[in-house]
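Chains as they are written, first to last, in this note's numbering: chain D, 7 to 389; chain C, 7 to 389.
Because the hints were derived from the structure by calculation, they are not lab data.
Treat the hints loosely; a few may be bogus.
One copy or two, either will do: identical chains are not told apart, so a pair holds if it fits within one copy or between any two.
As the list claims (entries may be wrong) - Computed list of lysine-lysine pairs in BS3-like fashion (alpha-carbon distance at most 30 Å, straight line):
hint, residue 1, residue 2
1, K13, K66
2, K210, K319
3, K348, K126
4, K319, K66
5, K87, K338
6, K319, K272
7, K87, K348
8, K164, K126
9, K272, K338
10, K272, K203
11, K13, K203
Protein chains: 2
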Amino acid sequence: MSVTAAKGFTAAGIAAGIKENGNPDLALVVNNGPRRAAAGVFTANRVKAAPVLWSEQVLKSGQLAAVVLNSGGANACTGPKGFQDTHATAEKAAEVLGVGAGEVAVCSTGLIGVLLPMDKLLPGVGTAAAQLSEHGGEKAALAIKTTDTVHKTSVAGKDGWTVGGMAKGAGMLAPGLATMLVVLTTDADLDTETLDKALRAATKVTFDRVDSDGCMSTNDTVLLLASGASGVTPTYDDFAEAVRQVCDDLGRQLIRDAEGASKDIKVEVVNAATEDDAVEVGRSIARNNLLKCAIHGEDPNWGRVLSAIGTTKAAFEPDRLNVAINGVWVCKNGGVGEDRDKVDMRYREVHIVADLSAGDATATIWTNDLTADYVHENSAYSS
Amino acid sequence: MSVTAAKGFTAAGIAAGIKENGNPDLALVVNNGPRRAAAGVFTANRVKAAPVLWSEQVLKSGQLAAVVLNSGGANACTGPKGFQDTHATAEKAAEVLGVGAGEVAVCSTGLIGVLLPMDKLLPGVGTAAAQLSEHGGEKAALAIKTTDTVHKTSVAGKDGWTVGGMAKGAGMLAPGLATMLVVLTTDADLDTETLDKALRAATKVTFDRVDSDGCMSTNDTVLLLASGASGVTPTYDDFAEAVRQVCDDLGRQLIRDAEGASKDIKVEVVNAATEDDAVEVGRSIARNNLLKCAIHGEDPNWGRVLSAIGTTKAAFEPDRLNVAINGVWVCKNGGVGEDRDKVDMRYREVHIVADLSAGDATATIWTNDLTADYVHENSAYSS
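Let the sequences and hints guide you as you build the complete structure.
Below, the structure is given as structure tokens:
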């Protein structure tokens, strides 16, 4: 599974001592070819961490030989020294792997504004390289966890080729991506352009539609590496669908593990005039703190859905809005609909449908409830 | 004080039985003239409650004889019947006061999507009218409370004229106004146009810059009524400043009473290219759940300030951003600044300064921390 499900990849995950508690904190993923095509998407936050600035630059070649990932520190807002540290990390990996530093992406996650302990990290890269294995995918996925309670991996594919991946992320999840590091690998024989197209199409409808707490990170990175080791070139549609499936699965795992969450909320906007309208409305609902508290309390408070819709610029008439919660149309034509006592909210998954009666476009945004545990987790210590 | 501080006004606040717990829930404010000029601003939410639709219509004449306010039900998303109920409320007030229904504004606050108990509300209007008094301002302010823990009043003025006011609001506070009902009164002798100009100027820099939880209500209303009873016509600047003072004071009281809050946070954006940039950045910081949790935990987590700034379209360079928390410049030039351990966060008020190094415009947004009590208050029951 994970990043070593596809042929041509090795990986490792170790405890380099970056985290003071001794947990795994350094992962290495290596593409052994024959191809080394790669594509990436990065945070839309204008305050970008050093590893994002580095990896964006590296990706311009469309080639990656390896990815170094660390938890225990985001290396964001760390100035020129932070960028030097990222560069040194890539140089170290290049040295031990016998590749060029310009073929090595770097990803970091953890507290912003703190320099990484390079005296631990650099030797760790050597240690990880010595442990690279075709079975190292799980260990790599474990090493990138921060507040994640579980590691996240996924796999898809058919007819002799595979797409696999790993993700970390549990907070700061928001469109334009999240504090989310994702590495996807495939042994399909495809060029950079195809990878890039499939990756952008997939993230647009998966990670970009996952919104845990409306907070956009400085470090979000999604990489897709192709080894070509299967010798198979799938059709674009088959490949894009496999990438979408893996991204969708990983995105859902991120929401399920969101900090403090007790409910997974599927916000489905239907009958919108445009897909952009549907996404805007879905995000507005998904970000409404009052609604997220109500869902936590198992209260089908559709008034908070309507007030969230009302803050958008989407095309709709207030008296034509309908809202269903877990299949019960509690709001019809902008007013009281079916009996709210019919809504069964005992289960973890909650399904909200917002019908704008304005067209035939649709979009689904996933979010989670807002809980006292979220507050506790994000106030009790720096992260 | 409150709405009867200015001459020419009477008010009352009673328990009409709209709230099941028997607390005061109906207020009446009457302008006895000689003038009856009035202005109003309303929620920017496109899903507007019936009383907002009614009062916006009524205000087009620039005249108000009275305002009826109820807590215990928002009369929002209640369809044609809800609008009929608002209309009937205005008719009832008009009948008992001997004025036209078109001179009566109506304000409601409470749960969305529930019809008001008109069999309690309409007799209550009669009861309130019988208790109108020049000393009724406090009782009126008490009757409009919902989850407010205290009632909010303020007064300003000079040279023989007065501006007084009352407000309710404790959640759903956000720009474009908040679930916030505010009635301001003055005995200054001024026309509708002057009132409207002063009110819009004041709300733009006060209530519009108070953002408790990013949630915009369906019912927000701010009204300003002038009786002319002092016989004094102040200069526009003096009057506008008094209105601004009362709005600023009431806005600060709303934040201090925000649901579950333990910290009042002043977000001051300086050296922005434009005032719009400063407001956008201030709101982005004020709405960042992760930062609000950190402040609750007395953690001067400036990285979360930077990541919030990074989501805006404002003019800035990441490596020229500076952030001070309670006077300590913890972030300089986009990186680590003074020692964060120097930041003293023991007190209720927290002052964040975000320096964009991009111009000389400034704006201040007030918000509060995000706490487990907020979650509890908004998940334990419908509101």
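Check your understanding: Of the numbered hints stated previously, which ones are contradicted by the structure, given in increasing order?
Key -> 8
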